[in-house]
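With the hints as your guide, set chain B onto chain A.
Which chain is which? The protein sequence lines are A and B, in order.
Just so you know, we're using my numbering here: the first sequence kicks off at 1 and counts up by one.
Just so you know, we're using my numbering here: the second sequence kicks off at 1001 and counts up by one.
No lab work stands behind these hints, which were simulated from the structure alone.
Be aware that one or more of the hints could be misleading.
Unchecked claim - Cross-link-like lysine-lysine pairs, in silico, DSSO-like; alpha carbons within 30 Å at most:
#1 A:155 to A:49
#2 B:1086 to B:1049
#3 B:1050 to A:49
#4 A:49 to B:1086
#5 B:1310 to B:1177
#6 A:114 to B:1308
#7 B:1116 to A:117
#8 B:1086 to A:155
#9 B:1247 to B:1310
#10 A:117 to A:310
#11 B:1116 to A:114
#12 B:1155 to A:117
#13 A:243 to B:1310
#14 A:155 to B:1117
#15 B:1155 to B:1310
#16 A:155 to A:177
There are 2 protein chains.
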Amino acid sequence: VKRVINTTDEETRRQINQILMFPDESAGCLMTIEYADLHSGISVEEAIKKVRRISPERESIETLFITDHERHLVGTLNIRDLLAAKDSTMIGEIMDANVISVHTHENQAEVADKFKKYDFFMMPVVDNEDRLVGMITIDDIIDVIEEETTEDIYKMAAMQPIEDSYMQTGVLTLARKRFAWLAILMISATFTGLIIEKFQSALAVNVLLATFIPMLMDTSGNAGSQSAVSVIRATVLDEIAFKDTFKVIWKEFRISMITGLGVSLLNFIRVYVMYKSMPIACVVSITLFFSVVAAKIVGCTLPLIATKLKLDPAIMASPLITTIVDAVALLVYFNIAALILPGI
Amino acid sequence: VKRVINTTDEETRRQINQILMFPDESAGCLMTIEYADLHSGISVEEAIKKVRRISPERESIETLFITDHERHLVGTLNIRDLLAAKDSTMIGEIMDANVISVHTHENQAEVADKFKKYDFFMMPVVDNEDRLVGMITIDDIIDVIEEETTEDIYKMAAMQPIEDSYMQTGVLTLARKRFAWLAILMISATFTGLIIEKFQSALAVNVLLATFIPMLMDTSGNAGSQSAVSVIRATVLDEIAFKDTFKVIWKEFRISMITGLGVSLLNFIRVYVMYKSMPIACVVSITLFFSVVAAKIVGCTLPLIATKLKLDPAIMASPLITTIVDAVALLVYFNIAALILPGI
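Same shape as in the complex, but just chain A:
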């Protein structure tokens, strides 16, 4: 809906005001009232005449909406099928009575899902009494899809979504949208610190152990994010749901065995070459393997649980999972070190 209506009459203006009263993010806010409607009781010949008369003021006539005497939506008709029909046929006979419509108060994300599902170019909007009040065109849905995706991406990177574009949003607003998660994750990373504090004596015995902490934390964090983001994206695209939890865990378990073994072997060679210590190379590589496996299981499970609890899975994404997985990696690290290294 990009055209600006300059020459609106009283009636149209009243209807626009109605549109403005719909809640944010609702179908009502997206709709245009420049739809083409036909009465079900007229003939194809009359219908074509009416369409030709009203065409100039309509945004699109690809789909015609068929109504009864009380303006209830009773069917839709593609302009293609109208033109292909014989002049004497009645509209009620050729219309598709299997109407897919959206409600004025329906959420825009749900509307976008219906568009994706049915491959329509436009969809009728009805009120509480099933009366036709407008239509939504697919070009506006593309904007909704882009906005929803941007919101998800923002959440995955630990930010609250912004309403306007990046450049149009002020510094204070952007700072506010980012601060809360930054602070929450800072506080939660404290627990990871407490694990190190608990194992201070181990570190004092072998300070070299501290050298591997960044690599262990980063690799497990990345491994966990990979799983989390894959599962979140698949959930958003309706490829998986909560009932697939065990299938997903089994899949991620096998992936984590392969990738964990791979990075673990690489790491063993690297550490042994650099430090010439078999025990240190073993401790670090065994930890890496178990951390990657644990990270991927945690990473794929949390978003699915979030879905089940009707929470937004994107909130569960990378940063939060990284924080959890960091703690797991360090616990595994110091316990394996205590098992293998002497004097810890």
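Positioned in the frame of chain A, the structure of chain B alone reads:
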């Protein structure tokens, strides 16, 4: 294009084979040949008759494509404008000669951008000689947009994109798509480890310093990702380009001052309450402030440089930036510790 063509004649089948020969991810692969075309030299009356005759075999007749004698695309005409015109008018007079078309070999992402820009429901596809060969409908473009976004999100989480859905892709393929980045980032995290190794003596003097490493690394990493992902998304949505680099850096600098000061103060209180040591609280909080500022500057700059170098900015996202930012945070940490704490 969801309908399956059961009753294709020889000619149609030949044309479908042509479509199959277009390169992957090209406009040619997306197009349908069920478009509605009209000759520019006929009258509105004749045109409507032809449209009514050919309608049943067309996917959509919302936009009619106007050609000359050599099948060159010379204009487009909305069905609405055709029906609104007088019977005697010639098509050439009412058509829109300002044709926006895509080329068979054009990349699907570019096609999607054109759809977003012009708000069309369908677009003609032409060959090297500007001859009409097909059309692309917007419902297929939505799938392209979803695929492109999924690719970006995968890259941002350090994975190579997969072609099929998550559930349809095998464990081995998924492991392969994730392994390379996991290994690269593991090796690069080694440099962060080397910084700790270099400051081993400082750690030996004050083992408590190790306790704050996870929090400092995670918070800077998150701060950097926030900036990187914001800039990447804004680049994808064409809101910013390389020429905006200084504006973006100035914006991120101010955001980082505010958020950095906020988390730094919170952290000061937390550390002082937990450890009752003013020097430790100062070292950790000052480091946190400078790390957040540095992380946000690095985070917003790298994706813009990637764009300039014609690299994919999504590749520059969170994990790679986290690795770089980790190193910066640790360097700042140990240097400030050496300045403030006695005996290091």
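Structure-based check of all given hints:
1. A:155 to A:49: This hinted pair is violated, its Cα atoms lying about 51 Å apart.
2. B:1086 to B:1049: holds, 14 Å
3. B:1050 to A:49: Given pair residue 1050 (chain B), residue 49 (chain A) holds - Cα atoms ~17 Å apart, limit 30 Å.
4. A:49 to B:1086: With Cα atoms ~12 Å apart, residue 49 (chain A) and residue 1086 (chain B) stay inside 30 Å; holds.
5. B:1310 to B:1177: holds, 22 Å
6. A:114 to B:1308: violated, 38 Å
7. B:1116 to A:117: Judged against 30 Å, a Cα distance of about 20 Å means the pair holds.
8. B:1086 to A:155: violated, 54 Å
9. B:1247 to B:1310: The hint holds at about 20 Å.
10. A:117 to A:310: Holds, because 22 Å separates the two Cα atoms, which is no more than 30 Å.
11. B:1116 to A:114: Between residue 1116 (chain B) and residue 114 (chain A) the Cα gap is close to 19 Å, so the pair holds against 30 Å.
12. B:1155 to A:117: holds, 26 Å
13. A:243 to B:1310: violated, 42 Å
14. A:155 to B:1117: holds, 26 Å
15. B:1155 to B:1310: holds, 16 Å
16. A:155 to A:177: holds, 10 Å
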